[in-house]
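A.B. asks: Could you put together the complete structure from these sequences and hints?
Read in order, the letters of the sequence shown correspond to residues 42 to 189 in this note's numbering.
It is worth saying that the hints were derived from the structure and are not from the lab.
Every value quoted in this text rests on a predicted model; they were computed, and no experiment measured them.
Here are the simulated DSS-like pairs of lysine-lysine, each with C-alpha atoms no more than 30 Å apart in a straight line: (1) K92 - K71; (2) K188 - K92; (3) K112 - K90; (4) K112 - K188; (5) K188 - K90.
Here are the in silico distance ranges between beta carbons for each label pair: (6) T69 - D172: 29 to 37 Å; (7) G81 - L187: 33 to 41 Å; (8) N134 - G113: 33 to 41 Å; (9) L187 - D91: 14 to 22 Å; (10) D82 - S127: 28 to 36 Å; (11) T155 - G113: 27 to 35 Å.
Even for Gly, the Cβ is constructed at its ideal location relative to N, Cα and C.
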Amino acid sequence: MSIVTISCNNIQPSLVISNSEKTNIQGTWKLIEGITIEKGDSVITDYTKDKSFIKILNATHFAFIGHDLNKGKDAAAAFFSSGGGSYELNDSNYTEHLEYCNAREWENNDFHFTISIHNDTLVQQGIEKIDSIGVNRINIEKYVRLKE
Numbered sequence: 042m043s044i045v046t047i048s049c050n051n052i053q054p055s056l057v058i059s060n061s062e063k064t065n066i067q068g069t070w071k072l073i074e075g076i077t078i079e080k081g082d083s084v085i086t087d088y089t090k091d092k093s094f095i096k097i098l099n100a101t102h103f104a105f106i107g108h109d110l111n112k113g114k115d116a117a118a119a120f121f122s123s124g125g126g127s128y129e130l131n132d133s134n135y136t137e138h139l140e141y142c143n144a145r146e147w148e149n150n151d152f153h154f155t156i157s158i159h160n161d162t163l164v165q166q167g168i169e170k171i172d173s174i175g176v177n178r179i180n181i182e183k184y185v186r187l188k189e
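C.D. replies: Written out as structure tokens, the structure reads:
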């Protein structure tokens, strides 16, 4: 848990997003770090080394795609993830409705997060819970905006 505490200290506090700032979420974001906490166990994933993952947001929808950088050649480290759907943003409350996902059992679920944006960094944190498959974890993701 101390690793999570240290890592979370680098995360900016939540900021309230005004109506004029709502368009600031739109664009392409590169995932830098992900932290999942489930049943007291923390997993920190560095997306700057062996994996690449982006999230794209327009005015109404989001999409994400990620893969390992070894082109799937290392079976133990092979990784591919994609999905998307609609989202709602009210102040710092961000809800994704996942309509499409390569992990099909995740489809048609809503995920509620709090987001903060500070300069070119977006932090998204919340609970991912799907009772039917036993998922119940805290997810914290740190993104940087990709330049156009």
